[in-house]
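Asker: Sequence:
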Amino acid sequence: MVGWAALSPTSRRDCYAGVVEHSVYVRSDARGRGVGRMLVDALIRSADDAGLWTIQTSIFRENAASLALHEKLGFRVVGRRERIAQLDGVWRDTILLERRA
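Residue 37 in this note's numbering sits at position 37 of the sequence shown, and the numbers go up by one each step.
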């Protein structure tokens, strides 16, 4: 397996039934070969087919490749969350993006 992707509801409230968050992971030795694009494309098609109206995601600020890919695929930056995650003991900022159907 070189990667995986998932859609998860952002809320249990009915008014947010069409809003999901996505997660994508590509194994480090498979990056830069189009796997991420294939996975995000599949998520978008799946969400559109299911009638979902918003896909959102948070990406580490320094992950320029993922940010660029998402913007190419129709996601837009809606904000930055400061010191929201810790990775290896270091506080990290994330960029919040969304794609509207």
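Errors might be hidden in some of the hints.
Below, in silico cross-link-like pairs of lysine to aspartate or glutamate (EDC-like), each with a Cα-Cα straight-line distance of 20 Å or less [claimed, not checked]:
(1) K72 - D41
(2) K72 - E62
(3) K72 - D88
(4) K72 - E98
(5) K72 - D14
Calculated directly from the structure, the hints in this document are not laboratory data. None of the values given here were measured: they were computed from a predicted structure.
Asker: Could you run down the list of hints and mark each one as holding or not?
Answerer: Each hint, compared with the structure:
no.	hint	verdict
1	K72 - D41	11 Å, holds
2	K72 - E62	17 Å, holds
3	K72 - D88	30 Å, violated
4	K72 - E98	12 Å, holds
5	K72 - D14	30 Å, violated
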